[in-house]
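Protein chains: 2
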Amino acid sequence: MIKAVEMAKKQRDISVAEFFEKNRHLLGFDNPRKALLTTIKEAVDNALDACEEAEILPEIEVQIVRMTESRYRIIIGDNGPGIVKKQIPPIFGKLLYGSKFHQLKQQRGQQGIGISAAALYAQLTTGNGIKIISRIHEDEPAHYYLLKIDSRKNKPEIKDEQIVEWSKPHGTVIELDIEAEYKKGDISVDEYLKQTAIINPHATIIYTNPDLKQEIYVRATDIKPVQPKGIKPHPYGVELGRLMNMMKWTEYKTVKLFLMKEFSRVGPTTADKILGGAAVLNKTRPKSITREQASKIIESIKNTSIISPPTDCISPIGEELMTKGLQKEVKADFYTAVSRPPSVYRGNPFVIECGIAYGGELNAESAVTIMRFANRVPLLYQKGSCASTDSIIKTNWKSYHLKQSKGSKPYGPLVIMVHMASVWVPFTSEAKEAIAHYPEIIKEIKLALQEAGRKLGIYLSRKAKAKKELKKFEYLKKYVPHVAEALQELIELTDYEKENLEKALVEVLEDGRSFTEANGNQQEDLPDDLVETETHNELPDSESI
Amino acid sequence: MIKAVEMAKKQRDISVAEFFEKNRHLLGFDNPRKALLTTIKEAVDNALDACEEAEILPEIEVQIVRMTESRYRIIIGDNGPGIVKKQIPPIFGKLLYGSKFHQLKQQRGQQGIGISAAALYAQLTTGNGIKIISRIHEDEPAHYYLLKIDSRKNKPEIKDEQIVEWSKPHGTVIELDIEAEYKKGDISVDEYLKQTAIINPHATIIYTNPDLKQEIYVRATDIKPVQPKGIKPHPYGVELGRLMNMMKWTEYKTVKLFLMKEFSRVGPTTADKILGGAAVLNKTRPKSITREQASKIIESIKNTSIISPPTDCISPIGEELMTKGLQKEVKADFYTAVSRPPSVYRGNPFVIECGIAYGGELNAESAVTIMRFANRVPLLYQKGSCASTDSIIKTNWKSYHLKQSKGSKPYGPLVIMVHMASVWVPFTSEAKEAIAHYPEIIKEIKLALQEAGRKLGIYLSRKAKAKKELKKFEYLKKYVPHVAEALQELIELTDYEKENLEKALVEVLEDGRSFTEANGNQQEDLPDDLVETETHNELPDSESI
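Respectively, the protein sequence lines represent chains S and U. FYI, the numbering for the first sequence is 1 to 545, going by this note's numbering. FYI, the numbering for the second sequence is 1 to 545, going by this note's numbering.
What the hints contain is simulated information worked out from the structure, not anything from laboratory work. Careful: at least some of the hints might be erroneous.
Pairs count within a copy or across copies, as identical chains cannot be separated in the list.
[Claimed, not checked] Straight-line C-alpha distance at most 30 Å; calculated DSBU-like pairs for lysine-lysine:
| no. | residue 1 | residue 2 |
| --- | --- | --- |
| 1 | LYS328 | LYS398 |
| 2 | LYS22 | LYS296 |
| 3 | LYS302 | LYS184 |
| 4 | LYS224 | LYS10 |
| 5 | LYS131 | LYS3 |
| 6 | LYS194 | LYS232 |
| 7 | LYS383 | LYS409 |
| 8 | LYS155 | LYS3 |
For reference, chain S alone in the conformation it holds in the complex (with noise of 0.2 Å):
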């Protein structure tokens, strides 16, 4: 037989979810401990996701039972809008299926796969399907579903529907069995919802852990985030082959409409500059346009000028909660935020903020600890590979008095948080682990820590100061029984009179004190933000001295 024929016979079809079950590191299922956090992970943003769309504040239970040395149930449930009967099915058993990737909005998901590649991961780990029950209204009943899916397919089995009481009025719950393992540590579950509660300060989360220890995180405001907005695609991050496919599957029956319609930031005239450029008529039909005339509308588009898009899709955390969120996670003595203006990579607005905590009961031995968040979702794996802990070795903190020694993090007792909100986050794989490195976030994430920097280094300068001030203040106070005592003796006061002598010496020596500080330190020269807490302050408190 020609060798052609016969090795043709092998060739197939692959199933997205074999792929991804063949290949489930690259979800970030690469081992126990992974999956466990990987798992409970896709939940929660699912779940922030679904709230933040329905404006609702979120309320989120989190629940891991150990069943055996090496198998965990996870149950996670929120009050979020519900999931309709239909879309049950495909939302938890489909690979790829979802609202969120064909939108250019902020959101936590962006694939289609995390979800229901946590219920792939726990049939083939322990065969049990994955355990549903929504409702979208009080009105409403609750549906109840058993799920499995069919990996050659890459399609639901339903395994168990029914109608089911459930006292929540909207909400989603789901049920797991995954082989995991539970750890504490930096690459946690624990870490994890902590680091979720300072970003997302409008959620609670009840945490139990798989030794029955609960931790709560209240909500640090009743503010919901602004509900980020969907935007159209920006004319100059489109490439030639997306532009045809868009033109091919455009409602729109004229080029100009098209363009004005589908992108953002296109208006008549600029529609109009365009197509002059690449001498296409304003009327033609848009499925009618052919490759050459579609490479000279990219042309054109690059020579036109166009303005940035719009920015008010994006919702960052603001400073305020940035340092609401570290202050009810991080005992610290000093806190600060940076939310940078929006930019703009690749067409795709985004914002860049940041916030430090420095001193309190943080470890000044170690290097700094670094929390990575991307939309709201704290990034743990992936570390070295992320544009966020690029930048901040590249940031020269020797400047803002912090030790540091070349091509490594400062070093410290300090906490820097960086945070990338996005319509698209470029993440560096479908695990979702760490950001890739576009020059123009590098940039950005850098120039939000200088910022951020130069607050502490003003801090670390003024306590430096206070310091030394106090440590000639103290010594200064030593002479004061001597110097009374010589005075005592000199014009012969009573012990009463040397007594009052000596106060009113220390008195002096105060209000010098005082004086030079205030001086040294006007409150009106420090930046608004610089943000200290009473409680936790090393410094000596010089009213009560």
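Following the hints, position chain U against chain S.
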């Protein structure tokens, strides 16, 4: 309207082609430079795989034509077995389609994504489809196709198909126009092809770069690599969900037969032991096995001692060809190679090989050059995330007389190559750029490096000794004329006699040196495979002095 109902309207399927179109950095198309390399790599890998399967000595032509500053035409042809007409459209026009995913076999490709992803990228950036000519036998016609990919459906669109005249009796040629950037350097097409030639000494590669410079890598051997065999999975690597799926789809009627036929290393006795331990009857139909029973079978597999998977399915390069490959492309003084015995990770057999070249024209002032390979494919990106790099850093090279600072690669005029051959290489991403950190793999790489390192160490200490001897000899030689002159005066020699005496003295010195050298470095003590090329030898050739 109830929020969930409104939200449900946005839910929809995401095609795998759309997914990778939007996330193309996952496949190695992050930027124009990398896209060029990835496109060529996918095509060359496929050509080599096809030739190997058909037992043809590969002859591959790679041509990069510059169309504009940022647009290149890639033409890649082979003398492989060709592709049957019906298979051409799905192989090049559909993601996740192929013969390699469902086999456990040592191959370059394993996913069924690569070449269609390149076609998708071409279409996205230049709007052009992929052109293919393929012929399976001289008696059969050559088929020409022009294909595009319908990314919404992940299906090939046939834009043109014809029977054409073609000079080759069998083989395939493809042509793609892509947005790209051509640069030389460490991570370039030039380097990839050079390394491909090293690791595939049986292949001839004819490469024409965009500047019309032609580079021909002629094969170094006519021996075809041993054809790797596909194997069945080993029971130790199987998980519950996978076992249940296999039982659902098997054609075998009893669970005993199923175990014996669908797994490697399970004979009747082992099957009896497994089923006995699980309290499952031999004659049970696989389809009727419950989850609980399957779970018990998995438990029982863990408690049954089963011999390791067969390892003759792996086709390593071998020490001789590794050395030949290095000698062909790297000008050094010393070469050595080590091929480890097969080992197993997660039920998958694998072999680690490593080679070292030292001295000669290599740069003495820089860190080692690392060449990483997996199933005979050079890995150029993601150096830092690769198990190979990690193992090199963790090896103590100081004991082999090399410079190395802690936590770094060694320094010196050194090339280290590491090759992993396996039925399934665990890559860290779809772009197949780095090997994941499995402890079993890292252990084997380190053992290979240590073995090669010891051979290098012996060579280096011998070289140091020889240098010392030479210095001594040169020193003594300086005195010969003076001694001869003194003797001439003392015993009144003629000038002719004096000259003879000088010659004799030098001979005595040389003999003495050869004597100490032979004693200090008895050739028979050296390992057989300490290959040293005479031509590039820095050591003084004592015969010619």
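Quick one: LYS328 to LYS398, C-alpha cut-off 30 Å, is that within a copy, between copies, both, or neither? Result: close within a single copy only, 28 Å intra versus 50 Å inter.
One pair to classify: LYS194 and LYS232, alpha carbons no more than 30 Å apart. Within, between, both, or neither? neither (34 Å within a copy, 45 Å between copies)
If the cutoff is 30 Å on CA atoms, where do LYS224 and LYS10 land: within, between, both or neither? Let me know, please. Between copies only: 23 Å across chains, 55 Å inside a chain, cut-off 30 Å.
Within, between, both or neither: how does the pair LYS302, LYS184 come out at a Cα-Cα threshold of 30 Å? Intra 51 Å, inter 28 Å, cutoff 30 Å: inter-copy only.
Please sort LYS22 with LYS296 into within, between, both or neither, judging by C-alpha distance up to 30 Å. between (43 Å within a copy, 23 Å between copies)
Between LYS383 and LYS409, at a C-alpha cutoff of 30 Å, which is it: within one copy, between copies, both, or neither? both (12 Å within a copy, 21 Å between copies)
Should LYS155 paired with LYS3 be assigned to within, between, both, or neither, using CA atoms and 30 Å as the limit? Classified as between: cross-chain Cα gap 26 Å, same-chain 35 Å, threshold 30 Å.
As a check of your reading, is LYS131 near LYS3 (CA-CA no more than 30 Å) within one copy, between copies, both or neither? Close across copies (23 Å), not inside one copy (48 Å); limit 30 Å.
Hint 6 from the list above is the single one not met by this structure.
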